[in-house]
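Asks: What follows is each chain in one-letter form.
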Amino acid sequence: MSAIATETTKAAESTRTVHFRIKRCDGPGKPSRWEVFDVPVPAHANVISCLQWIAANPTTADGKATTPVVWESSCLEEVCGACTMVINGKVRQSCSCLMDEYAPNDGDTITLEPMSKFPVIRDLWVDRSRMFDALKRVRAWVPIDGTYSLGPGPMEGPKESETRYKLSECMTCGCCLEACPQYHLETDEAAWATSFIGAAPISQARLFNEHETGAVLKADRLEALMGPGGINDCGNAQNCVQVCPKEIPLTESIATIGRAATFEAFRRFFQSR
Amino acid sequence: MADKRVIVVGGGLAGLAATIRIAEAGVPVDLFSMTPVKRSHSVCAQGGINACNEVARQQGYSEYQHFDETLYGGDFLADQNPVLEMANWAPRIIDLLDRMGVPFNRTNEGRRDLRLFGGSLFKRTHFAGATTGQQLLYALDEQTRRFETEGKVNKFEWWEFLWPVIEGEGSDKRCVGIVAQDMRTMQVRAFRADAVVMATGGVGIVFGQSTNSVICTGGAASRCMQAGAWYGNAEMIQVHPTAIPGADKCRLMSESARGEGGRVWVPRKPGDTRDPMTIPVEERWYFLEERYPKYGNLVPRDIATREIFDVCVNEHMGIGGGNMVYLDLTHMDPDYLTRKLGGILDIYEKFAGADPRFTPMKIFPAVHYSMGGMWTTYEAGDYMPDAPMPEHVPGTPPPVDAEVGRGMVRGAPNNMMTNIEGLYAFGEVNFAYHGATRLGANALLSCIFDGLFCGEGVVNFVNNTGRSAADVAPSVYEAVVKQEEAKAERLIASAGPGGGDDPAYNAYIIGKEMGEVMTATSTVVKTEAGLESCLNTLAALRERYGKVRLSDTATWTNQTLSYARAVGDMLILAEAIARAGLLRKESRGSHYRTDYKDRDDTNFWKTSISRFNPDTGSVDVSFEPVRAGLVAPRPRTYGKDTHKETEKKETVAAG
Numbered sequence: 001m002s003a004i005a006t007e008t009t010k011a012a013e014s015t016r017t018v019h020f021r022i023k024r025c026d027g028p029g030k031p032s033r034w035e036v037f038d039v040p041v042p043a044h045a046n047v048i049s050c051l052q053w054i055a056a057n058p059t060t061a062d063g064k065a066t067t068p069v070v071w072e073s074s075c076l077e078e079v080c081g082a083c084t085m086v087i088n089g090k091v092r093q094s095c096s097c098l099m100d101e102y103a104p105n106d107g108d109t110i111t112l113e114p115m116s117k118f119p120v121i122r123d124l125w126v127d128r129s130r131m132f133d134a135l136k137r138v139r140a141w142v143p144i145d146g147t148y149s150l151g152p153g154p155m156e157g158p159k160e161s162e163t164r165y166k167l168s169e170c171m172t173c174g175c176c177l178e179a180c181p182q183y184h185l186e187t188d189e190a191a192w193a194t195s196f197i198g199a200a201p202i203s204q205a206r207l208f209n210e211h212e213t214g215a216v217l218k219a220d221r222l223e224a225l226m227g228p229g230g231i232n233d234c235g236n237a238q239n240c241v242q243v244c245p246k247e248i249p250l251t252e253s254i255a256t257i258g259r260a261a262t263f264e265a266f267r268r269f270f271q272s273r
Numbered sequence: 001m002a003d004k005r006v007i008v009v010g011g012g013l014a015g016l017a018a019t020i021r022i023a024e025a026g027v028p029v030d031l032f033s034m035t036p037v038k039r040s041h042s043v044c045a046q047g048g049i050n051a052c053n054e055v056a057r058q059q060g061y062s063e064y065q066h067f068d069e070t071l072y073g074g075d076f077l078a079d080q081n082p083v084l085e086m087a088n089w090a091p092r093i094i095d096l097l098d099r100m101g102v103p104f105n106r107t108n109e110g111r112r113d114l115r116l117f118g119g120s121l122f123k124r125t126h127f128a129g130a131t132t133g134q135q136l137l138y139a140l141d142e143q144t145r146r147f148e149t150e151g152k153v154n155k156f157e158w159w160e161f162l163w164p165v166i167e168g169e170g171s172d173k174r175c176v177g178i179v180a181q182d183m184r185t186m187q188v189r190a191f192r193a194d195a196v197v198m199a200t201g202g203v204g205i206v207f208g209q210s211t212n213s214v215i216c217t218g219g220a221a222s223r224c225m226q227a228g229a230w231y232g233n234a235e236m237i238q239v240h241p242t243a244i245p246g247a248d249k250c251r252l253m254s255e256s257a258r259g260e261g262g263r264v265w266v267p268r269k270p271g272d273t274r275d276p277m278t279i280p281v282e283e284r285w286y287f288l289e290e291r292y293p294k295y296g297n298l299v300p301r302d303i304a305t306r307e308i309f310d311v312c313v314n315e316h317m318g319i320g321g322g323n324m325v326y327l328d329l330t331h332m333d334p335d336y337l338t339r340k341l342g343g344i345l346d347i348y349e350k351f352a353g354a355d356p357r358f359t360p361m362k363i364f365p366a367v368h369y370s371m372g373g374m375w376t377t378y379e380a381g382d383y384m385p386d387a388p389m390p391e392h393v394p395g396t397p398p399p400v401d402a403e404v405g406r407g408m409v410r411g412a413p414n415n416m417m418t419n420i421e422g423l424y425a426f427g428e429v430n431f432a433y434h435g436a437t438r439l440g441a442n443a444l445l446s447c448i449f450d451g452l453f454c455g456e457g458v459v460n461f462v463n464n465t466g467r468s469a470a471d472v473a474p475s476v477y478e479a480v481v482k483q484e485e486a487k488a489e490r491l492i493a494s495a496g497p498g499g500g501d502d503p504a505y506n507a508y509i510i511g512k513e514m515g516e517v518m519t520a521t522s523t524v525v526k527t528e529a530g531l532e533s534c535l536n537t538l539a540a541l542r543e544r545y546g547k548v549r550l551s552d553t554a555t556w557t558n559q560t561l562s563y564a565r566a567v568g569d570m571l572i573l574a575e576a577i578a579r580a581g582l583l584r585k586e587s588r589g590s591h592y593r594t595d596y597k598d599r600d601d602t603n604f605w606k607t608s609i610s611r612f613n614p615d616t617g618s619v620d621v622s623f624e625p626v627r628a629g630l631v632a633p634r635p636r637t638y639g640k641d642t643h644k645e646t647e648k649k650e651t652v653a654a655g
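One line per chain: the protein sequences are A and B, in this order.
Quick note: the first sequence, position 96, residue 96 per our numbering, numbers continuous.
Quick note: the second sequence, position 52, residue 52 per our numbering, numbers continuous.
Don't read these hints as lab results, they were simulated from the structure.
Just so it is clear, CB atoms sit at the ideal spot from N, CA and C, and this is done for glycine as well.
Be a bit skeptical, because a hint or two may be false.
A few chain A residues that face chain B, going by a derived Cβ cut-off under 8 Å, partial list only [said to hold, decoys possible]:
(1) 35
(2) 42
(3) 46
(4) 74
(5) 79
(6) 107
(7) 146
Heads up, simulated DSS-like pairs for lysine-lysine below, C-alpha to C-alpha not over 25 Å straight-line [unchecked claim]:
(8) B/512 to B/487
(9) B/640 to B/585
(10) A/166 to B/350
(11) A/64 to A/117
(12) A/30 to A/117
(13) A/64 to A/90
(14) B/547 to A/64
(15) A/218 to B/152
(16) B/512 to A/64
(17) B/487 to B/547
(18) B/640 to B/269
(19) A/159 to A/246
(20) A/246 to B/547
(21) B/350 to A/90
(22) A/136 to B/152
(23) A/136 to A/166
(24) B/4 to B/173
(25) A/117 to A/246
(26) A/159 to B/123
(27) A/166 to A/246
If you want the footprint, here are the derived chain B segments under chain A, 3+ residues with CB under 8 Å [as the list claims (entries may be wrong)]:
(28) 22-30
(29) 41-50
(30) 117-131
(31) 141-155
(32) 209-222
Okay, chain A solo, but in the shape it has when bound (with noise of 0.2 Å):
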């Protein structure tokens, strides 16, 4: 009566092979290694079916006993953001990576790499603390005035809170700086507050600045962007956009921010007179 499973088990009677080069790496500070896998492929398999494959496989094409491959993930449907790696090249989610699309044909290579700008804990595992840290600077909250029943919030026409909603769907993934040429890996904890911040956490203050609410704190995030390693390190190169999964327009969180930040300049400099 397995019906459920029926359309899988179907699916694992054709495959193809497929190589996949994988850069390892045991740990923190140990060196970075390559190692290939000969993944025999179905129809319809993706990145994270070919690993969890090699996870009850661990043999490297050249037959040599090897460790589980190390990844993170958890959704699998592309709205936790855990499983982002760079394939290809591309900095992407791997659950979403179709291996139709991606190695269509027997023989086919593809190459995982773990994220360069963050540190890597083990394989394709790395850390994005920073990340995390960087919504704590920005203040990306409504600071709300408890949680007792004090009625509704205020009212919001659907056009802002679709505006909204896009921003919202950010995951936190960190493509956008993966991508950006002005944000840098910082194993140092303290070159966090200095260093170019990205996209990510810029067009999560503009989230909470257009929240009614939310506003309340938009010059402490404006305060917080306004100094080494905010809105003023952006170079404009717009990659961030380009590889942003969501779709998420954040080269005009940019824009907004930075003119916010202007004038919120000019209002500090005429209120200190």
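With the hints as your guide, set chain B onto chain A.
Replies: Relative to chain A, chain B alone:
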């Protein structure tokens, strides 16, 4: 009150809501999660969150009607008082999320938009596009981060819960902390707490492929069960009717697709291979609409799933003779669809390679949610009618108002506490609220309700217990650390050269075989023979698991160890699911036995309770009466029309 702390395990909606409520009350929280909390499984929830609202109210809906629908949907297996309190709180929860800045879809006038969902004839589902779970989780994640900057919350992300620390014996048992492992350094450590809230979600990975995230193994719940916590209604597993089968997982296609007008059909001609867009309407069989004229495509999930299964497996009417049916949105305006369902349409397009705005989607059922979970208790509120009420008629005055405390006593320390003092279970990991089937868009509600409402009880418990975890002898913690270190060392030591080579002892292969047998025997249709063979297979798998060999000996970031350890725990949970299913000799909600097709209220209007027996290493199941008295059980038919069915068969025969 110095030094009182609470541990929350799991950073999905239930865990974060609890964290916020407890931290806000001034009790510091240590929050543990296997993943950065923003990546928790709650992000996968799509459709929305139910609550009575002003429009529905003026059409005759009420909190009480929401309560009545939820009990009926769950086939009366849920304890009734907690469901009433949850339905009564729902509007307050929506308001709070709104204040937190959740970008709910809005009407032209700027009010929160609503959509129709399964099991209701009223629009009472609030939504943010088709990624409502993601948006709600982010709102709670943001508030948690705010408390983190204020030093009220300490996050332990990439830490895996290994075991609860329990002091005392018998009824004096209480939970005083946990032992967890850093998934990077592999350090095993004990953490003290005056109360522990488990909010670790569902069990989908027990079934191999499901709609769940890879972290939803049920491992944490199983560990608590092995440490003495009871597990309720394990057999109640929801199979969602509409998912996209994949090689790595089955991706959910939200009920909101049907809520917004999506229609399920198959060609009337068996094995029809024509492009679906060229098949005329009269040659399509809209079997849900035909069989359930009142609810149509929006019957509860277990019913839709069984009908799809019946059409494909019994009647061989699936698309091209296979196990697939169409879920069709192509009759609707593409711009409207993008606005209301964009997120899920993108998922289908990305993973199935076709645009559902212009091509009917091909879908099939997949394991989705566990109504069962850790057994929990509560303090019943002040509403109890003289006699259980009949079905509520919309538009008539509800027998009780929606004031706080009608269903559960606000702030009671035992609300959603397990049978072990100080150990709580919130969200999908408990068994409360959903009975034998969960209605769509009630999960987000129950998770947040647990965190906010029952979180207050946790605060009262730690403030009034009179005992402090700080006074517990260090040896109590050291013993559990030793136990877990030994377990990890034993697994690591199993790995030799070529370890994992033999498929019989490969954890991934054992896990895969467990998923296959559980899906085959313990999901849509169950039989005595099937469940008995399942238990035999599980026993054989446990035998093999005893000699499991790892393929990774690393003492740094060893994911193979983590997975292999979870497989052992999943096998025990799987036994509970299968054994409780075997012993429940009736059909109720999601639990459908072909050998006992009817609901049997005389013998089985009862909660199944699974207890791990440390002497035999196996799971014992007993049954306890459901705590009811508010609403009388009634047959759950959803107005099925058997008349049209006969007509259709005649048409097919004639054609």
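Asks: Hints numbered earlier in the text: which of these fail when held up against the supplied structure?
Replies: 1, 6, 11, 13, 20 and 28
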